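J.: What follows is each chain in one-letter form.
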Amino acid sequence: MEGYRLMEDGEIEEGSATMADEQGSTNSEQQRTIDESPYEILQNTKASVENIISEMLSIKREGKSKSHIPELVTQMFLHFITLRQANRSILLEEDRVKTETERAKAPVDFTTLQLHNLMYEKSHYVKAIKACKDFKSKYPDIDLVPEDQFFRDAPQDIKDSVLSNDTAHNLMLKRLTFELFQRKELCKLHEKLEQQKKSLLETIANRKKFLTSLPSHLKSLKKASLPVQNQLGVLHTKKLKQHHSAELLPPALYVIYSQLLAQKEAFGEPIDLEIIGSLKDAQTFARNQAHKDTGIPTNVDSSKLEDDAPDEEEDGQRRRKRPRRVQGKEGVDRAGVFQVHPLKITIHVYDDEVSDPKPAKLITLKFEYLVKLKVVCVGIEGSNDGSENDILCNLFPNDTGIELPHQSAKLFVGDDILFYSQRTSRPYKWAQHLAGIDFLPEVSPLLLAGRETSDNGEAARGEDVIAGLSLYRQQNRVQTVLRRIRSRRKSQLALLEQLESLAKLEWPLLSCKSVPWALHSPLCNLDGWSAIRALPVPSEASSVAVIDKEEHVQESMDIDVVEYPGATKEELESITEDGELPTLRPNMSKFDHSKQLSLISKSITPLSKVRSQSFKRSDDNSDFLLDIESDLDEPAQVEREDENMSNYSAKKSVSWMDYGVKEFSLVLRRKISADERIVNLEAKIKISMEYPLRPPLFALGLRCISSGENHKEKDGLEWYNELRAMEAEVNLHMLKILPNDQQNYVLAHQVCCLAMLFDYYLEDAYPSTERINCTSVFDVGLCNPISGRFLSRSFRGRDHRKMISWKDMKFTSNCP
Amino acid sequence: MCGDATNWDEHGYKDSILKDRDFQTRTVFRTAWAPSLNPNPDTLLVASSDGSIASYSISSCISNLNTHSGLFNTSNDRLLAQAQPSCFIQGHDGPTYDLKFYGDGEDALLLSCGDDGRIRGWRWKELTGSNCSVSSHGNDMKPILDLVNPQHRGPWGALSPIPENNAIAVNTQEGSIFAASGDSCAYCWDLETGKVKMVFKGHSDYLHCIVARNSSNQIITGSEDGTARIWDCKSGKSVQVIDPGKDFKLEGSVSWVGCVALDASESWLACSSGRNISLWNLPASECISRISTQATVQDMLFENNQILAVGADPLLNRFDMNGVILSQIQCAPPSAFSISLYPTGVVAVGGYGCCVDVISQFGSHMCTFHCQCV
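Heads up: the sequence lines are chains A and B, in that order.
The first sequence maps to residues 1 to 816 in the working numbering.
The second sequence maps to residues 1 to 374 in the working numbering.
No lab work stands behind these hints, which were simulated from the structure alone.
Note that the structure is a prediction, hence the values are computed from the model and not measured.
Be a bit skeptical, because a hint or two may be false.
Derived BS3-like pairs: lysine-lysine, alpha-carbon spacing no greater than 27 Å straight-line [unchecked claim]:
1. K490(A) to K100(B)
2. K280(A) to K174(A)
3. K19(B) to K736(A)
4. K100(B) to K686(A)
5. K136(A) to K174(A)
6. K513(A) to K142(B)
7. K372(A) to K513(A)
8. K14(B) to K736(A)
9. K19(B) to K684(A)
10. K14(B) to K684(A)
11. K100(B) to K14(B)
12. K662(A) to K14(B)
13. K201(B) to K142(B)
14. K237(B) to K490(A)
15. K662(A) to K19(B)
16. K136(A) to K188(A)
17. K14(B) to K686(A)
So the derived label-pair ranges between C-beta atoms look like this [to be verified]:
18. D93(B) to S521(A): 28 to 38 Å
19. A360(A) to Q151(B): 53 to 63 Å
20. N7(B) to D464(A): 40 to 50 Å
21. D9(B) to S514(A): 23 to 33 Å
Listed next, the stretches of chain A that the computed footprint assigns to chain B, with coverage defined by at least 3 CB atoms under 8 Å from CB atoms of chain B [as the list claims (entries may be wrong)]:
22. 54–66
23. 97–107
Beta carbons are placed, not taken as given, at the ideal position from N, Cα and C, and that holds for glycine.
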């Protein structure tokens, strides 16, 4: 029974063992039944005992004889013995079975253990198989080499090798081997390539290193080449740089730059262009501009942005930048509307005369662009005083450069004009024309480029610009302006030369001998030469007016001074009594000034001025001066009124022609031997900036000084017409004879011509010999007088014009 | 205006400057009032040194100039506005010196003389009617009269230049034109035939001026030689030689008789000599008074019993017969060559700078203008 239980505990399914066990027990029972198994003996004995007992009991109860009892007891004992025997045999049997079971259990246990081992082994294999099956390669996407390729490519030794009996497996193995082989090969290749790559990288790194060091090399090379470039005149580096910065120029300056450059390159115009200013500033400026145009509206912002920009630069540059920044900020604050674009163009204009291989530099101009006002300003580089700068004014008529060219700009500036006038560069109209402001769009090119494709209007505008540029070229603006600048500069140089010689009181030399006055050696002396006034300061219109007025005063003085001594006091009174009639005195100006302003300002000499002037000029007139002074009260007031009025008119209308005018006073002196008189011809010469296009204007006055009487006298009136005629000749008619190449020396010619005219006029006014009025001719050879005679005359016409004629460049003062 | 960098015409500009200067040096040699019955003067003829003869309507000038005078004009030199002539003819080559009307009303002839030695005549009616514009330069107007001074014969048959005519005078009764010529002769032309009727020889230098004393058929000429002569037209002989500068000669300066004037009664003669005017009573042949002015007298005339004189200063002087100065009026031309009187007393003064100043009988400036620059 225990064996069963053990078996049940250990291995339940072990059916076969149980079966064998059961068979075993059935076998032993069969044995017992064969030779009366102890259990049956036990059973039988028990039944016989029970029978004896029952008999005994029955004897006892029936009282029968006790004779049978001892036999019964003996029988009973016998049965007991049998019982014990049976029990013993059972126990023995049991022992035997037990040992037998024990013996049978050992193989069962061994087998079970074996089973377990096997099971374990199996599960291990299963697991291993699974693991193998689940094995993932590093490159799952790479398949095994396909079979056909394997057969094609695999080396023979792999193909032939037999690794397994199973053909499929064999094949697979072979394939795997091949795969392995192949992969190994590839690995090797990979390694090799890897190595190659490494070496390549190394070389690359080397070369890179070289390359990075190259720019600095190149730079130094470039730097080193600069002198050579300069020497050879191949300014390649500079040009590139300039091109680069040209892209950042505002459109107006760009037009100037590009057109001038084109002119230079196409026609060999002797000019040099240069863009100056900081590129970085320009870039930030352009950025800001773009920002502003696309939405950031306030000026403050943009200027701030601009100011902040340099801070982003690295520290090394910062120190350098700071001062400029401060200055820029100040500039913005101070100027506001006069904000200047950071880039400027300088142009060196050279002499274009062909003869000189290395032409002299005539002038250097600096163009700048005022961003807010949208105007181009020009100044002369390297000169800060205004007088130099005036060279550019009135290059073309009515272009003084002190007024802004556009109405809008004028409105924008308002009364700020005062500041404006202090600028050395000015917005001349010709500069605007040169910049093509008339056709350029208002938008910056950066934006334009961005929008052009999308916007039709912009495209149209672009076409406008192109059309404008072609017109620009057709109009030859560049040539015109350059030609004008050159001729202006040259003529100013020539003028300076002439002025210098005149200031030394020398007759200016005339290189041209084909004009009559060049051959005339003057009898009069060049007695005085002085500058009367410098240029009017353009900012102060009132001061200009004053100067202007004074000029008039002086002008009229020459003519009018005499009339005061002439008019006696009685006469004056008789006039004033006349009342309604306008008279000589200044109070006439009250009468009708609005209409007659010219008459007033032109010919009425303010008395105080007369006085001061007279003090200077004549001592003998003091009695007359007293007279005047007694009359002074009222006229003085009138004068002021008058002055105000002319101030008013002058403020509105300082003529552009008077801008930059230089005035000189020239005195020619001639001693008349006949009566010891000295005649002074005083010429006020007004030289405008447009010299020689507008030739100097002479205003003449005459003074006679009789040395004997020590009497000075203005003789202007008596000579009035003659003086006007001389003026006309000098200012106008002689210019027509002047050869073209002498235009720059027109002043010298004029002075010489004036001297000649003066000589001839004096000769006739104070004749040294009797005048011969008629010419009779005798033909000597024939010895008889030729009939007919001519009246020879030197004057003609109602204005008593003097006639001067010349033959073979030699004057004769008489005309047949 | 004159071009800028976009269309620069340097020669054009230079020419315009010179033209401008030329214009400023131009002189009005004679102003003349067109005959009119209107008490207010309406048309003023102006002869100037460029040979032009232009007529200006005073009323339109006044109205135009008034609009101008409101704004104080630009540069002080050119304050005066330019007036637009209503009629313009290029009368002569060289300056036109004198203008005279021959006859009155409908048949009036406008006579002009000039530096080219010609006397030309136009029908005034045609001129006013034709309305010839400035643009046509007036050259298409042919004069109906064209007289040329004779040339003198010199040695070997050389011809002298044609002498200029400095002044003309007319005698409508005789149909004569008198010309003061540059060859020191005065000529009397017959208007009908166009021939020289008489030559008055005697002066030793060229003639400046001439007036006709029609009541006694005489002419009076003033000459560069410093004398004035009275001529008898019938005989062509000099009746009297007046030397107004006799007393002034001492001063040493040579002066010529620039102008002579007769009063309405033709018995008083004013005769200039340099800065001086001498007044002669013709019947008595006596110098009555002498007047000194500050400048060379260049034109004068009688108004009633007063003498109006202009000269080389911008003043219009008014003297009485005794030589006392009555008034001086500032006038526009800095040197006046011409003074002309309208019967109602309006005076026109013309002179240097191509200025014309019209002064009313009360002494106010009616209008002042520059002649058109053509």
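J.: Each hint: holds or not?
T.: Quick rundown of the hints versus the structure:
{"no.": "1", "hint": "K490(A) to K100(B)", "result": "violated (53 Å)"}
{"no.": "2", "hint": "K280(A) to K174(A)", "result": "violated (72 Å)"}
{"no.": "3", "hint": "K19(B) to K736(A)", "result": "holds (11 Å)"}
{"no.": "4", "hint": "K100(B) to K686(A)", "result": "violated (40 Å)"}
{"no.": "5", "hint": "K136(A) to K174(A)", "result": "holds (20 Å)"}
{"no.": "6", "hint": "K513(A) to K142(B)", "result": "violated (44 Å)"}
{"no.": "7", "hint": "K372(A) to K513(A)", "result": "violated (55 Å)"}
{"no.": "8", "hint": "K14(B) to K736(A)", "result": "holds (11 Å)"}
{"no.": "9", "hint": "K19(B) to K684(A)", "result": "holds (21 Å)"}
{"no.": "10", "hint": "K14(B) to K684(A)", "result": "holds (22 Å)"}
{"no.": "11", "hint": "K100(B) to K14(B)", "result": "violated (37 Å)"}
{"no.": "12", "hint": "K662(A) to K14(B)", "result": "holds (20 Å)"}
{"no.": "13", "hint": "K201(B) to K142(B)", "result": "violated (32 Å)"}
{"no.": "14", "hint": "K237(B) to K490(A)", "result": "violated (65 Å)"}
{"no.": "15", "hint": "K662(A) to K19(B)", "result": "holds (22 Å)"}
{"no.": "16", "hint": "K136(A) to K188(A)", "result": "holds (23 Å)"}
{"no.": "17", "hint": "K14(B) to K686(A)", "result": "holds (17 Å)"}
{"no.": "18", "hint": "D93(B) to S521(A): 28 to 38 Å", "result": "holds (35 Å)"}
{"no.": "19", "hint": "A360(A) to Q151(B): 53 to 63 Å", "result": "holds (58 Å)"}
{"no.": "20", "hint": "N7(B) to D464(A): 40 to 50 Å", "result": "violated (19 Å)"}
{"no.": "21", "hint": "D9(B) to S514(A): 23 to 33 Å", "result": "holds (27 Å)"}
{"no.": "22", "hint": "54–66", "result": "violated (count 0)"}
{"no.": "23", "hint": "97–107", "result": "violated (count 0)"}
Of the numbered hints stated above, those contradicted by the structure are hints 1, 2, 4, 6, 7, 11, 13, 14, 20, 22, 23, listed in ascending order.
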